[in-house]
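Following the hints, put chain A in place on chain F, whose structure we already have.
There are 2 protein chains.
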Amino acid sequence: MLQNIRVVLVNTSHPGNIGGAARAMKNMGLTKLVLVDPMDFPSPEARARASGADDILDGAQVVATLEEALVGCSLVVGTSARDRRIPWPLLDPRECGRTSVEQVQVGGEVALVFGREYAGLTNEELQRCQYHVHIPSNPEFSSLNLAAAVQVLVYEVRMAWLEQEGLPSKVEKVEATAMLNTQPATVDELERYYEHLESTLVEIGFLDPEKPRHLMSRLRRLYGRSNISKLEMNILRGILTETQKAVRGETGKRSDT
Amino acid sequence: MLQNIRVVLVNTSHPGNIGGAARAMKNMGLTKLVLVDPMDFPSPEARARASGADDILDGAQVVATLEEALVGCSLVVGTSARDRRIPWPLLDPRECGRTSVEQVQVGGEVALVFGREYAGLTNEELQRCQYHVHIPSNPEFSSLNLAAAVQVLVYEVRMAWLEQEGLPSKVEKVEATAMLNTQPATVDELERYYEHLESTLVEIGFLDPEKPRHLMSRLRRLYGRSNISKLEMNILRGILTETQKAVRGETGKRSDT
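Chains F and A are the protein sequences, given in the same order. With the numbering used here applied, the first sequence covers 1 to 257. With the numbering used here applied, the second sequence covers 1 to 257.
Derived from the structure by calculation, the hints contain no laboratory data. Treat the numbers as computed from the prediction; the structure is a model and nothing was measured. Treat the hints with care, as some may be off.
As the list makes no split between identical chains, a pair holds if one copy fits it or if it spans any two.
BS3-like, lysine-lysine: derived pairs with alpha carbons at most 27 Å apart [what the hints assert, rightly or not]:
hint : residue 1 : residue 2
1    : K211      : K230
2    : K211      : K245
3    : K230      : K32
4    : K245      : K230
5    : K32       : K245
6    : K211      : K32
If we strip away everything but chain F, and leave its shape as in the complex, we get (with noise of 0.2 Å):
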């Protein structure tokens, strides 16, 4: 699906940019790239940026005009650095992503069009554009490298994508084990752990039992939102059964864990 969003870059001065480019696709899952009358390519500037997404290059449409780079799209965003005297719709890279997604889900292809480094795109090829998109950033230092606007629209695309996916955006893989160790302690087990710390606080002359003030309630709200797993409670318990242990004159036993 992401294969129908293309990224289109307009009169690219810096070959290193293409290749830039290019690796900001393929780690975000995009594969079609048009060049618009670059510069300077195929370059070994391009392929070195580009760190292995050969393909994406050798795939690179070159074309001479805007007009052939939007063959068969239904959807244009053009990036926008300032405001223009047109008011135009405009969205935010997340917005950019989540419409792109939905429009190649109908079936549409989708075009993200970026202009020159120093000079943007042309009012011109802004109208043909049905979107703008403003990378939000510092009013007194606003232009983004090009790649590294390439790299925040297609980020937004695929996480977008995930999310229409239903795919996680992180993949925690955890082990069998792993999940066990992660089970979370029940509410009874903390209870049992708040008792067992009380008393060896008591123990070990940390808590007054005539005066206990706070502490307990402090140290509650603490393990309380901490989310402690099974595993971790049994260290938590062990720690306070060797420090009775330990101060009653007992034999250590070593930890096994």
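Chain A alone, transformed into the frame defined by chain F:
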């Protein structure tokens, strides 16, 4: 506020990436760059890629160890490409942005830590981080360019910051004492706590220094995700001190908490 979120680059090989990171930071309104043992810095290549973010490069702090880079931080997030043996609390970039902004809102400082271009962060370095963040990517081509990864995370920081600024100001007036109590502990305070905890566990016979297993890393993981406040840190340290005194047969001092 964003000045309290620092970008830490560990052992960077290519100065161009340092420049690219500086530019991305300045674009997104971040200012503090810390370089741990960079291979080539300062460098004209960094300056060229920074493209005007010279102030970020000039102000960059160069340190020898990750530990120094994290002084004063209450939240440390490390970028991680792969699954690790020990499961660790994982954020996606969006969650990372929100968590970072929340942390500086309560007066904390945040470090976003990026590893080497080819090898990332070591397991030891990753264990100094409370959270790992993974930028979702094409499983077959998953390694982002360093500056591109910085761009994605600082972009999400800016998005979260804008989101937060758009909301009605929350509870800004907090009493001085409450502030002190909820003020987060810094990572260097946490490190001192882990050292104290480790030596105490050895002393009570729970931890065998010859066979430490995963005990300390599990305890780091537990306390690392718990957002310990300075007050809580004092309580936990006090418990250790009293445990040691009690084990050594010294008189226990009552808690004054």
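Structure versus earlier hints, numbers of those that do not hold, lowest first:
The structure breaks hints 5 and 6; every other hint is satisfied.
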